[in-house]
Structure formats: structure tokens, C-alpha cells
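Build the full structure now, drawing on both the sequences and the hints.
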Amino acid sequence: MKETMTSFDIAAATLELTRALQGARINNIYQINSTILLLKLHQSSNPALNLLIEVGRRVHLTSYAIDKPLTPSSFCSALRKYLLNGLIQKIRQIEFERIISLDVKTKHGDFRLIIELFGKGNIILVNQQNQIVHALTYRRMRDRNIIRGEVFRLPPTAGLDPSKASLEHLKKLREQGRTEVVIGLTKLLALGGLYAEEVLLNSGIDKNMPCEQLEDGQISKILQEITAMFSKLSTGELNPSIVVDENGNWIDVIPFPLNIYKDKKLEAFSSFNEALDEYFTKLSGEKTRILRTEQIMLQRKEQERILRQQLEQLEGLKKSSEINRKLGDLIFSHLHDLQTLISIVAASRRSGESLDQTSSKLLSDKQKGRVPAIYFERFSPGRREFYVSVDGMNFPLDFGLTAQENAARFYEKAKKADQKIKGVLEAIEVTKSKLESLQKQHLEIKTQMQRPIIKKRVKAWYEKFHWFYTSEGMLAIGGRDAVTNEIIIKRYMEPSDLVFHADFSGAPFVLLKTGGKQPSAISVSEAAQFEVSYSRAWRSALGSADVYWVKPEQISKSPPAGEYLRKGMFMIYGQRNYIRGVPLRLAIGIKKTDDQLYVIGGPPSAIQSQTNIYIELVPVKRVSKKLAGEIRLKLAEKAGNLRGQVLALPIEEFQPFIPAGNAEIMQ
1 MKETMTSFDI
11 AAATLELTRA
21 LQGARINNIY
31 QINSTILLLK
41 LHQSSNPALN
51 LLIEVGRRVH
61 LTSYAIDKPL
71 TPSSFCSALR
81 KYLLNGLIQK
91 IRQIEFERII
101 SLDVKTKHGD
111 FRLIIELFGK
121 GNIILVNQQN
131 QIVHALTYRR
141 MRDRNIIRGE
151 VFRLPPTAGL
161 DPSKASLEHL
171 KKLREQGRTE
181 VVIGLTKLLA
191 LGGLYAEEVL
201 LNSGIDKNMP
211 CEQLEDGQIS
221 KILQEITAMF
231 SKLSTGELNP
241 SIVVDENGNW
251 IDVIPFPLNI
261 YKDKKLEAFS
271 SFNEALDEYF
281 TKLSGEKTRI
291 LRTEQIMLQR
301 KEQERILRQQ
311 LEQLEGLKKS
321 SEINRKLGDL
331 IFSHLHDLQT
341 LISIVAASRR
351 SGESLDQTSS
361 KLLSDKQKGR
371 VPAIYFERFS
381 PGRREFYVSV
391 DGMNFPLDFG
401 LTAQENAARF
411 YEKAKKADQK
421 IKGVLEAIEV
431 TKSKLESLQK
441 QHLEIKTQMQ
451 RPIIKKRVKA
461 WYEKFHWFYT
471 SEGMLAIGGR
481 DAVTNEIIIK
491 RYMEPSDLVF
501 HADFSGAPFV
511 LLKTGGKQPS
521 AISVSEAAQF
531 EVSYSRAWRS
541 ALGSADVYWV
551 KPEQISKSPP
561 AGEYLRKGMF
571 MIYGQRNYIR
581 GVPLRLAIGI
591 KKTDDQLYVI
601 GGPPSAIQSQ
611 TNIYIELVPV
621 KRVSKKLAGE
631 IRLKLAEKAG
641 NLRGQVLALP
651 IEEFQPFIPA
661 GNAEIMQ
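Take the sequence shown: its letter number 486 is residue 486 in this note's numbering, and every next letter is one higher.
Calculated from the structure, these hints are not laboratory results.
Wrong hints could be hidden among the right ones.
[Stated by the list, open to error] Here are the simulated DSSO-like cross-link-like pairs (lysine-lysine), alpha carbons at most 30 Å apart as the crow flies: (1) K434 with K634; (2) K207 with K265; (3) K591 with K456; (4) K107 with K567; (5) K282 with K567; (6) K459 with K591; (7) K517 with K81; (8) K434 with K319; (9) K105 with K634; (10) K434 with K422; (11) K440 with K413; (12) K459 with K634; (13) K68 with K40; (14) K517 with K464; (15) K517 with K591.
[What the hints assert, rightly or not] Listed next, with one range per pair, are the computed distances between beta-carbon atoms: (16) K459 with E95: 35 to 41 Å; (17) K187 with E436: 53 to 59 Å; (18) T293 with N46: 35 to 41 Å.
All residues carry an ideal CB built from backbone N, CA and C; glycine is no exception.
What follows is the structure in C-alpha cells.
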């Protein structure tokens with residue numbers, strides 16, 4: 001299975017990218033993770049394009065929705081600083097290597113974004129003086145350094161550019177002696193194993209033939225096949241496809257058919273970038289899930305080992321507590337006899353009698369059944385203690401302490417064991433919690449494996465504003481800020497529309513697009529609720545607010561003499577039609593159209609008329625950064641067999657419908 005783009009893939013991809021992106025402007029840059037960068041690009045009158053860069057693996061346009069981090073990394077911030085709003089002037093492959101250069105013209109000067117796809121890969125920003133400004137990874141190497149401020153140098157070439165090969169170059173193959181020609185060809189040219197095999201197959205040459213046996217005619221045939229292959233690239237005669245094996249697994253993605261795959265099934269695509277997008281998106285998803293599963297299993301194994309140790313420790317502490325407490329009880333139940341025995345031993349020690357002498361006397365008395373000698377067992381050499389046996393239990397007594405003090409010592413040991421038991425029980429709960437979390441993560445990964453990868457939806461013109469469709473199907477749009485307020489009034493307001501505004505500042509204009517029809521009271525009410533819900537009344541967590549509507553001819557950008565209207569502000573003349581006490585309430589739901597899911601939001605009655613999968617929001621003063629994720633999860637729980645598809649929708653699809661970020665889900 002192909003893991004990374006080859007030089008041929010890069011050549012074909014850059015051919016298409018040049019046509020698609022030359023003259024495009026960089027609208028935004030996102031670093032998705034440690035290896036993936038996403039460039040949001042725009043060309044006038046064309047839909048936005050997303051260029052995905054994965055270091056060491058791939059570069060292509062993507063139509064898939066990708067969750068973006070809330071805050072940019074330091075590298076991403078640096079790229080934004082220099083490249084945002086920059087114009088892409090050229091996209092090129094460098095010397096048929098696995099390196100791409102994006103030449104960008106910006107207000108800060110001209111820059112090159114170097115994308116390296118060999119080895120671990122890298123992304124390097126280079127200025128007009130060919131100095132390294134920033135890099136994803138800084139390195140010192142034998143042949144070059146990637147260090148900020150140093151001159152950028154290309155790595156040593158992997159071989160001669162095959163497109164520049166001549167007969168004289170290829171005749172050098174013979175100098176490789178007994179080396180197989182397929183290996184010799186990859187050493188001489190930057191061709192790669194797959195395409196070297198394809199050239200030899202088309203040339204009718206055994207790939208295992210020794211290089212020294214090549215004849216002039218065979219070398220000429222090799223050159224002819226290489227030239228034919230590059231002709232497809234230079235003329236743009238691509239016929240991209242994904243190669244499928246007999247088990248239905250994708251094993252390669254190629255810009256044009258190869259005879260080496262003539263027995264394999266091919267899935268054709270209209271562009272090579274599309275084929276790359278499909279292939280690597282699926283591959284990347286599978287690789288990520290496999291890697292994450294392996295990580296979880298390793299973590300789980302470690303936590304299970306820790307839990308076993310903790311349970312063993314708990315069992316040991318319980319036994320210690322039980323035994324020491326029992327020993328204390330035994331001493332108290334035989335307190336007089338044991339104290340007498342301690343006194344005898346202590347007296348013998350004071351008299352200068354040896355331990356052996358004392359032991360012999362006590363053992364002699366024990367044989368005769370005399371109390372308290374019947375409890376004596378032995379002395380501990382080098383220690384101030386002797387062992388006794390009471391009711392079948394052997395334990396030491398310190399003859400420097402009283403019997404009662406010895407009992408207290410055992411009780412203290414039991415107490416310490418009990419204290420340790422509490423700590424171990426708490427640690428066990430933590431470990432079990434970690435195992436439960438890992439199990440949930442494992443189940444989530446299994447769910448993700450069944451979850452479809454969602455392609456980025458082409459958005460309608462009105463989705464750059466706040467928007468919804470009323471219960472009777474009328475479109476309502478509202479401004480997100482002063483700029484969009486200005487746009488909807490100046491560009492999208494029509495004579496038959498109704499214009500809504502809250503009875504205070506800090507509210508958007510909302511247009512109810514009637515299309516010349518008379519709106520019902522329901523549509524008017526829903527537009528009014530939409531208006532107040534996206535106003536500062538929501539941020540203030542009000543329960544209701546007043547709204548009015550007017551006709552377009554009552555709106556004017558001309559202020560009274562001596563006054564000035566800021567951007568997004570308009571004069572309203574004539575009668576205002578008030579709707580009092582409009583409740584602040586919104587709903588967010590999931591709608592399915594043409595087998596595609598998308599997020600909708602607006603007044604609850606309007607959303608309920610379009611879907612059964614929805615939640616309602618009410619205003620609160622606290623801000624929840626995780627609210628969009630919570631909404632997605634709640635909607636997924638309501639979605640039945642569409643759960644996986646809902647969870648696959650990017651967070652950014654939900655965020656625009658949350659007013660000012662201040663809301664909570666109604667239970």
C-alpha cells in the first residue's frame with residue numbers, strides 16, 4: 001500500500017494545482033496537528049479551496065471537512081503573520097524531487113513555502129534573500145541545516161531528473177555491473193521503484209537482468225519509455241485512478257494507468273487531486289485509528305498491571321491490619337502471663353545471665369508445663385525480643401517494653417495499615433477510572449471506524465450571515481457584525497422584504513425574504529425571535545425583548561444634517577410595527593438533504609418544522625468553550641442510525657449558530 005506521494009505523483013498534482021491555484025489568495029492557515037497544515041484559498045468568483053499539506057506524505061486539494069483547532073500553534077501564527085492575504089504566484093516541483101515550492105507575493109515581500117515530502121518531511125518559509133524565516137522542524141544535518149536565519153539549501157538529489165535523461169546518461173547503467181537493472185535504474189535516476197518496474201515492463205526487459213548485460217537497443221527502449229511517461233505529464237494527459245486489489249483494498253493512487261497494474265481493478269477520478277484526496281484521507285483515517293488503538297491498548301495494559309499491584313498491596317495491608325490487631329488482642333487476653341514472662345526475661349538480662357542460659361531454663365520449664373514458660377519459643381539473636389506462641393500464633397515481644405506496650409505496638413501497626421488501605425483504595429478508584437476512560441476511548445475509535453468521513457459541503461450564499469428558513473419556507477438573514485449589517489441592507493434588501501430590528505442598539509438587521517408573498521404571522525413572529533436572539537439581549541441573558549419591523553423604503557443611509565452614521569447603521573423613518581415581549585430562544589438541529597447532513601439553527605418552531613433532531617438553547621451569562629461539542633453530542637444521541645454521521649460533522653458547522661457563545665442546552 002502506498003504510504004506517501006512519489007515524485008511522479010507530485011509532478012501530476014502540481015500540474016493541476018498550478019491551474020487551480022495560481023493567482024489565488026491565502027485567506028487563512030490552520031495547523032491541524034503536528035504534521036498537517038491546511039491553507040484556505042480564494043479566487044474571485046470561485047468557491048473557496050482548501051490545500052492540505054501533510055509533511056512527509058502528501059499535498060493536494062481536499063473537499064473533506066476537517067476540525068480546526070480553536071487556537072493556532074506558534075508555527076501557524078508565524079505563517080499567518082507573513083502569508084495571510086498573500087497571492088500565490090507559482091506552484092512548482094523542484095528538480096523532480098519530492099519537494100514543492102509555493103511562491104507567494106505578500107505585503108511583507110515575496111516568500112517561498114517549501115514543502116518537503118521525503119523522510120519525516122518539513123515545511124519551511126524562505127524569504128527573498130533565501131533565508132529561513134520559520135520552519136515546522138529545525139534540524140542540523142550532515143549536508144545542510146534548517147535553522148532560522150541561515151541560507152536555505154536543498155538536500156542532495158536522489159538521482160538525475162528522469163525527464164532530463166539522455167542515452168549517454170543511461171549507458172552508465174552498465175557501470176553498475178551485476179546489479180539488477182531495476183535497482184540500477186533507481187540509483188541512476190530519481191525514478192522510484194514502481195516507475196522503474198513500469199519502464200522495464202513496457203521495454204520488455206527482465207527487471208532482474210544484470211546492468212552489465214544491457215544492449216544499446218534496450219537502453220534506447222528504456223529512454224523511449226521514460227520519454228513517453230513524461231510526455232503524459234507535460235501534456236496533462238492524466239487519467240487518474242485508485243488501484244484496488246482482489247480483496248477490495250486500496251493499494252495505490254496513480255496519475256495515469258500503469259501496465260504493472262493491468263490485472264488490478266481501477267477506480268477512475270476526474271482529477272488526480274480528487275483521487276489523492278480520497279486515497280490519503282481514507283489511509284490517514286485508518287492509520288490514525290490503528291495508531292490510537294495501539295496507544296490505548298498499551299496504556300490499558302499498563303493500568304491493568306498497576307491495578308493488579310494495587311489489589312495485591314490492598315490484600316497485604318488487610319492481612320497486616322487483621323493480624324496485628326489480633327496479636328494485640330491475644331496479648332491482652334493473656335496479659336498477666338505474658339507480662340510475667342517479660343519480667344523473667346528482663347530480670348535475667350539484668351543479672352548478666354546469657355541468652356542461652358535463660359533460653360535453656362525457660363524451655364525446661366516449658367517441657368514441665370509451667371506457666372508462663374509454656375508460651376516461650378526462642379530469642380531473636382542481636383535483637384531485644386523473643387518469640388512466643390499463643391493460641392497457635394507466633395509473634396515477637398520486646399522485653400524492654402511492658403506487655404501492654406507490646407500490644408499497643410501491634411495496634412499501631414494495624415492502624416497504619418488501615419491508613420494505607422484508605423490511600424490504596426483511592427488509588428484503585430483512580431486506576432479503575434482511567435481504565436473506564438480508556439475503554440470509552442476504545443469504543444469511540446470503533447465508532448469512528450464505522451463513521452463516514454464527511455466531505456466539505458458547498459455552502460449557499462446566505463450562509464455567511466445568520467440565517468434560517470421560517471416554518472412556511474421563507475428565508476431570513478441577519479448580520480453578524482457592522483460590516484454584514486451594511487451588506488445585507490445595501491446588497492440583498494428587496495422592495496418586498498420586511499426589515500426587523502430590536503428596540504435597542506447592539507442588534508443586527510434581519511431581512512425576511514418574502515419573495516413577493518404575504519408572510520404569515522408565524523413567519524413574522526419567527527423573524528422577530530431570530531432578531532432578538534442574535535442581539536446583545538442574549539449576551540445580557542434577558543428573558544424577552546421588543547422588536548419592530550419596517551418596509552425597505554423606510555430605511556435610509558442619509559442621516560439628518562450634522563449627524564454621522566457609522567458602518568452598519570441606518571436611519572429608519574415612518575411607522576414602526578412593534579412586537580412586544582419576544583422570548584429569547586433558539587434551536588439547533590440536523591437536517592438531511594440528498595443523503596447529506598447539515599446543521600440548521602433558528603427559532604424553535606421553525607427548526608421543529610424541518611427536523612426531529614434538534615436541541616433548544618437558552619441564554620446564560622457564562623461562556624462555554626465546549627458548548628459546540630456538547631451540542632453535537634446531544635444531537636448525535638437523538639439521531640439514531642445517523643449518530644455516526646452527526647459526530648463526523650466538524651465543530652465549526654455548529655459554532656456559527658451559537659449566539660455570542662453564551663448559552664446552555666435546555667434539559
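A quick look at each hint next to the structure:
Pair hint K434 plus K634 holds up; C-alpha atoms about 24 Å apart against a cutoff of 30 Å. Restraint check for K207 and K265: satisfied, since their Cα atoms lie roughly 24 Å apart, inside the 30 Å limit. Between K591 and K456 the CA atoms are separated by roughly 15 Å; this keeps the pair inside 30 Å, and the hint holds. Proposed proximity of K107 and K567 is supported: the alpha carbons are some 26 Å apart, at most 30 Å.
A distance of roughly 46 Å separates the Cα atoms of K282 and K567; the hinted pair therefore is violated under the 30 Å criterion. A hinted pair counts as satisfied when its Cα atoms are at most 30 Å apart, and K459 with K591 qualifies at roughly 14 Å. Between the alpha carbons of K517 and K81 the distance comes to roughly 49 Å, so the proposed pair goes past 30 Å and is violated. Between K434 and K319, the direct Cα distance comes to roughly 27 Å. Compliance with the 30 Å bound is thereby established for this hinted pair.
Of the supplied pair hints, the one linking K105 and K634 is violated, its CA atoms being roughly 45 Å apart against a limit of 30 Å. Simply put, K434 and K422 have alpha-carbon atoms about 19 Å apart, close enough for the 30 Å limit, and the pair holds. Note on K440 and K413: the hinted pairing is violated, with a Cα-Cα distance of about 40 Å set against a maximum of 30 Å. For the suggested pair K459 and K634, the alpha carbons sit about 24 Å apart, so the restraint of at most 30 Å is met.
A hinted pair counts as satisfied when its Cα atoms are at most 30 Å apart, and K68 with K40 qualifies at roughly 12 Å. With a C-alpha separation of about 25 Å, the suggested pair K517 and K464 falls inside the 30 Å cut-off, and the hint holds. The suggested pairing of K517 with K591 holds, with an alpha-carbon distance near 25 Å, which does not exceed 30 Å. Between K459 and E95 the CB atoms are about 40 Å apart, so this pair conforms to the stated range of 35 to 41 Å.
At about 54 Å, the CB distance of K187 to E436 agrees with the hint of 53 to 59 Å. Taking 35 to 41 Å as the suggested C-beta distance range, the pair T293 and N46 conforms, at roughly 40 Å.
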